[in-house]
Structure formats: C-alpha cells, structure tokens
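Residue numbers (our numbering), protein chains in the order written: chain A, 1 to 413; chain B, 1001 to 1108.
It cannot be assumed that every hint is accurate.
[Said to hold, decoys possible] Each pair of labels, with its calculated beta carbon distance range:
id	chain 1	residue 1	chain 2	residue 2	range
1	B	1086	A	166	34 to 40 Å
2	B	1106	A	181	42 to 48 Å
3	A	392	B	1011	55 to 61 Å
4	A	188	B	1080	41 to 47 Å
5	A	182	B	1080	38 to 44 Å
6	B	1080	A	195	35 to 41 Å
What the hints contain is simulated information worked out from the structure, not anything from laboratory work. This structure is a prediction, so every number in the text was calculated from the model and none was measured. Note that CB positions come from ideal geometry on N, CA and C, so glycine has one too.
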Amino acid sequence: MTHSALMPDNEDERLAAVNRYDILDTPPDGAFDRVTALAARLFDVPIAIVSIVDSDRIWFKSHHGLDVEEIGRDPGLCASAILSDRPWLVADAKVDPRTLANPLVAGEFGLRFYAGAPLTTGDGFNLGTLCVIDHEPREVTDDEVANLSDLASVVMDELELRISARRTVSLEAEMRRRAETVAASLQESLIPPVVPQVEGLDVAWRYHVAQLDQVGGDFYDVVTTDWGTALVVGDSCGRGPLAASYAGTARWTLHTVMMDDPDPARALERLNTVLCRSRGNRDRYVTAAAVSLQRGSGGTHLSVAVGGHPHPLILRGDGTVEAIGTTGPLAGWFSDISYSTSDTVLQAGDTVVLFTDGLLEGIAGQGQTDDGALRAVLAPLARRMADEVAAGLDLAMGANRRDDAAFLVTRIL
Amino acid sequence: MTDPVPFGIDSVVDRSDEIRIVARGEVDIGTEAALSDAVSAVLGDSTGRPVVLDVRQVSFMDSSGLRAVLRSRDLVMSAGRKFRLAVSRGAVQKLFDAAGVSSWFEYE
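Take the sequences, apply the hints, and build the full model.
Encoded structure:
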C-alpha cells in the first residue's frame, strides 16, 4: 500500500530517473556490497542497505546483515528519507511518532535505530538511500552523519559510472551500425548490384568483407560492350573509406575505358594515368587484372593485362590450370608506364578465374603469393557451373578467411 | 614455431659513403609508418649520401609495407638522393615481383 503523503511532488520524474539508472532487480554487485559492509562497520551496526524506492516497493540493491530483498513502501524509514535532501535520522523508532507505525518497527523485526542518506542524482532526484539500521536505539554524531552522506555519494558515483558505461556501449553499437551503413553504401561503387547476365557466359562472383563495419578495398566488374565482355578485378592498398573511394575510382575508370576499347593494357595505362593525377591520393595504389573476351573464329579470344596483381587462372575443360598474364607495375604510383597483354583462346567449358590476394591467402595462408594451392583446388572443378566453382573456392577458404577476398568465375558456354 | 619477430629498426648505420637503415620483423599496416618515418628521419643531414634500406631481415611484408617502401623511395629521391634496396631472395622479393615494382628500384 502506498501513502499519498509519501509521494514527492515530482514523483513521476523521480521514477523516470530511477528507471534511467536501470538498476531495479539487477543481481548483487560487489561494489555496492563493499559500501554497505563499510557503512555497517563505521556505525558499528548489524545492518546497512542501499535501497531504491520504486513506485510501490523499496528494493535493496545491497543488504548487508539482512536477508530481505525488498519491502513495502511504508512511511517512516526509506520512503520518508527520500522526501528530504538531508539525512533522515531516527534515534529510537519505538518512540518516534514518524516511525512507530512502520511494520519493521512495530513488527517482530524490532527496528530501533535508522539513519539514511538520500541517493541524489545530479539533476536532484532522490533514488533511494544508503541507510544503517540497528535493533538498539542510539544517537549519531555529526561526523557519522557526514560519513554516511559521503558514502551515499560513493554509491551515487558508482551508479553514474554504470549509466555512462552503458551509454558508451550503446553509443558504440550505434556508431558500428552507422559505420556498417556507410561501408555498405561505399561498397555499392565497388561491385555491380547483381550477378551480371551475359549471353554465352556463365558468371559467378563472391565478395567477402572481413569486417562488416569496415569497407574493403577490393573491387570487380563485368562490362558488357559492343565488342564483347570485359572482366576486371582489383584491390586498393589498405582498408577503410579512402581505400574504397580509390577502388571505386579504379573500377569506374576501367569500366569506362573498356566500354570502347577491348585492349586491357591500354585500360590499365589509362587507369594509371587517372590515379596518378589524383594527387590527393598519392600515397595509394591499386593492383588490378583486366580481361577482354571476344567471340571469334575457333573460340573465345581472351586478352589480359596485369598491374601488380595475382594473375588470372584458366581452368581448362580437361582440368589443367594455367596462369595467364605478364606482370606490369601496380597502378597509381609511377607515371608513364606501359602494360603488355597476354592472349589465349578459350573453348566451351573453359573457365577463367579472376581474384584478389585475399583468395590466395584464404586458401594457402597469410602472406602467400604462390597460387599452387589455389590451382589444386580448381583442378577437380573443371566443367562445373561457375557458381559451383565459386562454392568450391569458398569451401577451400573455410575458416582461414581473415582478409577481404573477391573473385569472379566466368565459364564459357 | 617461434613467435614472429616484431617490427623494428635494427640499426641506422652512418657510413661515410651511405646511410643504411636496417629493418627487421613484419611490416604491415600497423608498422608501415614507422618504416618510412625512419627513412624520413635520416634525410636531415646535408651530405646527400645515398640511403640504403636494408629489408633482408624483414620476415613479412603486406601491401601496406610495400607502400611504405615505395613511399621511402619517393622521399629519398625527391630529396635528390640515391635510394638503394638491400633485399634477399624470399617472401619480400616475391612481393616486389608480384607487384611489378622490382625494376623500379636500385639494388646493392
């Protein structure tokens, strides 16, 4: 039962403050238990309590010397103590008109002495008390009251610490969510929105990002043009938004150039020029492999140029795997460089795999630049659908995958 | 297995004909700046001696480490000095080859 005379004028706001600290019905906690133990020792009393006054009950965050977790919001003790900003002192409850009707006083518990200091928030709400209790009457000195108030401040500091720690955690969660949104948006400029459908080709791709809240620097593209199809995979050095924006520039530069020009070497040369011109990004580079596929007499003609990037692999229909390309420099660092092309002819059933070093490392281990392990994974996947090859590569990476990894599997139909 | 050697500048050897910076351990995104900072720090003297970056004791280098070496090269060359690389056959040389940048360096 709640007595209206016990209600502070600002009870609704006070209860909102209680809820803000999110402390009601939380488990016992050493920090508060140490304060009540200390208070009991200082006052030489058997019982000390950190109480929080809820709408219809008084709940104990810490209860030293008393095996009770909550009591009713009856007048005289804690429920009254929170009405004042000063400590609430009862020297002998049995004769004090403020307390003699309280069940703890009148009942078998036999409370005689009570001293409670309010737990006051920075904005002036009393959440509850730090109180000391005895079965014997006694007087308290001014020094003891000051000690009690100081300990109540310690309790309050602890509560404030908790609230700010919780805020930090939820703020971090919010920032992570935002970072993931930004990362996802940036990523849109690095890969096509859907698996490109190209006549005569069976295409599958994977784009793995090591951390969702951090955009990677890998990119790829499939460009359908009047002359045929361009395939591009690349990797911008580093991670984060700058690496991603650089990768986006690289992807769209290659895309634009190759729309009109099937020569992948010229595409990388133009890319290098564009990246070198963006002086603000001087301290960055991109590695890339560009491939053009053109249907012709005797099969599909493949031409490839490589700028500091792992060479594409060709998985022939009979299970042989060959790397193709001549390594040219990474793009965006040295001005006026040229690239050369390597050429081959693909037949139906042949598959070309473009990838970033994340795939090599995912299969062979960190720092591995050798493609032997990747070739061994690919060989038994000959003539499989592009998506089956991609799934096989995913499987081979398994739990090893730590870095970003992108790959593009294109099978000639 | 032994733990990877942490990155560090092993020594800066001030010789009459060159300044040699000896790096060891792993150069990655966490340590790349320390490498190019060490190179930058020796460019203060007025002798114009060649700078040699010795990465023979570097056990691992990723794309960020490569960037630090490229940056070091540019720093030294734009100060009007010669930049030479001391590298042993191994993972670091392979990285340079794969990135297509090996021919852009002078070696000792």
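Checked hints:
Here the CB-CB span from residue 1086 of chain B to residue 166 of chain A is close to 54 Å, at odds with the stated 34 to 40 Å. The given range of 42 to 48 Å is respected by residue 1106 of chain B and residue 181 of chain A, whose C-beta atoms sit roughly 47 Å from each other. A C-beta distance of roughly 48 Å is found between residue 392 of chain A and residue 1011 of chain B, which places it outside the suggested range of 55 to 61 Å. For the pair residue 188 of chain A and residue 1080 of chain B, the supplied restraint of 41 to 47 Å holds, since their beta-carbon distance comes to about 44 Å.
Roughly 42 Å separates the CB atoms of residue 182 of chain A and residue 1080 of chain B, a value that falls within the hinted 38 to 44 Å. Under the hint 35 to 41 Å, the C-beta atoms of residue 1080 of chain B and residue 195 of chain A, about 52 Å apart, miss the expected range.
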